[in-house]
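*Asks:* Taken in order, these protein sequences are the chains called S and A. Start counting the first sequence at 1; every next residue gets the next number (the working numbering). Start counting the second sequence at 530; every next residue gets the next number (the working numbering).
None of these hints come from the bench; they were simulated from the model. Be a bit skeptical, because a hint or two may be false.
Using 25 Å as the maximum straight-line C-alpha spacing, the simulated DSS-like pairs for lysine-lysine come out as follows [unchecked claim]: (1) A/Lys-780 / S/Lys-306; (2) S/Lys-427 / A/Lys-559; (3) S/Lys-84 / S/Lys-96; (4) S/Lys-427 / S/Lys-473; (5) S/Lys-30 / A/Lys-956.
Restraint ranges, calculated between C-beta atoms of paired labels, are given here [stated by the list, open to error]: (6) A/Thr-985 / S/His-54: 40 to 48 Å; (7) S/Val-403 / A/Met-925: 35 to 43 Å; (8) A/Met-616 / S/Glu-180: 52 to 60 Å.
Each residue gets a CB set at the ideal place from its N, CA and C atoms; glycine is no exception.
2 protein chains.
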Amino acid sequence: MEIGRFDRDLDRLFDPRSIAVVGASNVLGKWGLTMSMNIIGGGYDGRLYMVNPHEKSILGHPTYPTLSAIEEPVDVAIVAIPAKKVMAVLEEAIAKGIMNLVVVSSNFSEVSGEGTELELELARRANAGGVTIVGPNTMGLYSASSSLCAVGTFVYPLKGHVGFISQSGNLGVQLLEWGEARGVGFSRFVGSGNEANTGMAEFLDYLGSDPETEAIALYMEGLEDGRRFLEVARRVTRSKPVIVLKGGRGKQGSRAALSHSGSLAGENDLFEGLFEQAGIVTTDTSEEFIDLVTAFSSLPVPRGGKVAIVTMGGGWGVVAADACDREGVELATLPQGLLDELDTFLPQFWSHGNPVDLVGGLRRANHFRAIDAVTRSESVDMVILMGAMLGKQFFMHNLVYTVVRPLYRMLTHNICRLPAFLLSFWKGFSRSVSSRNEANPEGSAGINPAEAWEWTDSALISHLENLIAETGKPIIAVAMSEQQKSTSSRLEMHGILTTPTPERAVYAAAKLSRYRDYLFGLQSGASLK
Amino acid sequence: MEIGRFDRDLDRLFDPRSIAVVGASNVLGKWGLTMSMNIIGGGYDGRLYMVNPHEKSILGHPTYPTLSAIEEPVDVAIVAIPAKKVMAVLEEAIAKGIMNLVVVSSNFSEVSGEGTELELELARRANAGGVTIVGPNTMGLYSASSSLCAVGTFVYPLKGHVGFISQSGNLGVQLLEWGEARGVGFSRFVGSGNEANTGMAEFLDYLGSDPETEAIALYMEGLEDGRRFLEVARRVTRSKPVIVLKGGRGKQGSRAALSHSGSLAGENDLFEGLFEQAGIVTTDTSEEFIDLVTAFSSLPVPRGGKVAIVTMGGGWGVVAADACDREGVELATLPQGLLDELDTFLPQFWSHGNPVDLVGGLRRANHFRAIDAVTRSESVDMVILMGAMLGKQFFMHNLVYTVVRPLYRMLTHNICRLPAFLLSFWKGFSRSVSSRNEANPEGSAGINPAEAWEWTDSALISHLENLIAETGKPIIAVAMSEQQKSTSSRLEMHGILTTPTPERAVYAAAKLSRYRDYLFGLQSGASLK
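Make the full structure from the sequences, and use the hints.
*Replies:* Right under this line is the structure:
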């Protein structure tokens, strides 16, 4: 709106020693309650003051009738009162020397002409007084280092190293929640709301030099000052990947953005050009957005763009290769030495190329020999794994599933056959176990339960972790089946990107490789393709 | 390979009175065990014969040394023995009058020149003998009407009305599993494998007139006879939607397909043209594939292409509108009468347009008044709902989450404040409950627990079900948060498509509307755009 140029103290915004909630409330569903609840529940350890002239106590805290009534210094005031009363609070804040105001209240420029006037007035006064306003119409902020969860909805992000600036509160908190499920931890989150006097560029600038933040996510609908943003972003992307989801790109989308945040989005080509020049990684959908945030916050930047696909089924290899064609990802040509090596232990009818189709052989040790050999090859920069998520849990699940259903059937329909069924099953099972050390050139004959037993989820995870650390190459695991979910979510907790389809893995690989190209091209002055 | 033109008895393939498993086994991991286990566990009620010359009993069934040794008639023989021995079994089958062979064995044309010879020989003999071969190199088949789960992996599909033909076994069974999670039931599944003498066209022809099948899914890498396929598909799509995922489209993808199924995929434009002419719905990724199979098997075909978006957050509305731009979906213009109606009960600062942003108001009854009014409008053909999945469970979850975390914090850090905390919280809660019937023009002030309580998952589901039935318009629900998962999976069990992001909902709407255009254009001779 009217972005201010004054000395900010964003360190104190994200690590306040004391917070006042103006408009704190006991009533369910009110922002003043949710915010207070989340601040307490999130574990904020600084001093917390509740401001409400009508209540004696809020959530067990004594109340103050006004901000000025608090005698101690306040670093951040969170404001959740009707729009028209905010200006008075700003005056109090300036008088009290409070440098950061988080204005949750809505009914400003996102709504009406009157609201726009009000917001402009607020911005001018704040600029003059040197007060950073987050919002108005913000969903709040989160900061891991202070355990500060001043967010207006019930989400408790994982602590980590992604910084996230969002021009949509709902979209913002949803990404935080998705992050929780994907093992993505956040250092800071800020819903920039209507950006009365503080916008994307100011926050990006801060996160760029914030030691807690290693990767940055942006949801953007519009920009106040593209030139300033570009200048900041160019600097930041040299050391930290920045991923953007841009809202309001198409005709209908920009109309919706205008009505949502008041952003004159449009000018899609301008934004595309801006992102490209700044080395910002772009995404088209919210799903791609969380995938890339997961990828860039967990995986190393690859040294090149050549991908190897290791799969347990040919059809999935085809689908993954198609995705590579679509995303402009090059499949690595496997050198003869590697083919020869794989030939020594893979079933003879393996694909002899990339995708490496393990053709359903069930020996786990061989899968991992293949994965290791492929990942270590000089010709390969990134690896996409399908069918590697088959840990002990998968085996147990299948074993139980396999036995229980026919057993139940026997019990209910052919009970007289049950003893014979158990006897034959036991004989077969013993035979699998006793043949555990036999060589098995055809590969597909029989599972080895003893071996399967060794591949616990943690064995599998630490194997992949070590391989990534050793080679410095990104490995993306694809876990398609429900049975792989427990393994896959544990994988993500260990910072290994796991996608439910190969196409999404390929997409992430494509973007990793383009960011690598950007960094690589910086020396020669090229920009992100 | 050498598709046969003879009288098939596919009724008996999908509803056999008796099955023989040639190569049945007790050994874990062998196809002959998995198949037998799944047939028993799946609940097949016909006669089951185990053929194995070395074992006396398999899973409690007596064995026969050869197929010929079975005295009773056999409708389907499932063959899981080394490739070189399959011809002999075919001869036995012909002699015994078995019209359907499901050949699981691999090492045929997908591997080597020798295997190709073998397969060609097999096809010729089968054609002459009038035997339908499923495969070789097939993952098997499933048929709901016979509870026949002759599939080589541990999946028990839901019974339903989707027919599914897949040229990849792994991809096929994965879709069956995804279907289970998404509430999609299958009537038939067949992995067509190498298609020695029976391919896509033959199975599609059968499913087209199969009364058990209402929608058809295809995973295709190549086609033996495009002309025949087109002729069949054109007929089928008039009454049943056919959705295809084509593998082997790009350069790298077709190379992978060649190595997988031996399909000379390529010629992508030819296939695109074929699908367009035939009115087949195409998809680009496996995720889109399962989304569309879910959509087309559960939702009515819309009467037009205009979409209304109802959302609880502006940013999500923007993202959804962008997706509409990308997918060529038109947002409905809401008539003045509808805007006026919504004005009577929505918070005053609602978006007054499409997307309909309910701006976070928490009154459930008003959400549903809005949803009803929008869905019933003459200007709207399809509805995408974001934030409607907030049933009682969501409320309970949030309430618990809200209270438990700060409570825990109090207990462990400020126990002396606990009584005061509980007292203030209780006061606020009582106030919310007592104000349940108060008018609330600003909308965002306070949740009404009593009202939230009434919106159980089932109330919500039956409301939407009735609305779809009443209006004949597809409603697609978007359930983004983990907390909505229980509701969303129940929704899908009731046949209401639910996607985790709005973009995926828009994609499904786009494809539904294009299929509608195809059907509509048939009269004037137009084809699917």
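*Asks:* Give me the numbers of the hints this structure contradicts, sorted from smallest to largest.
*Replies:* Hint check: 4, 6 fail, others pass.
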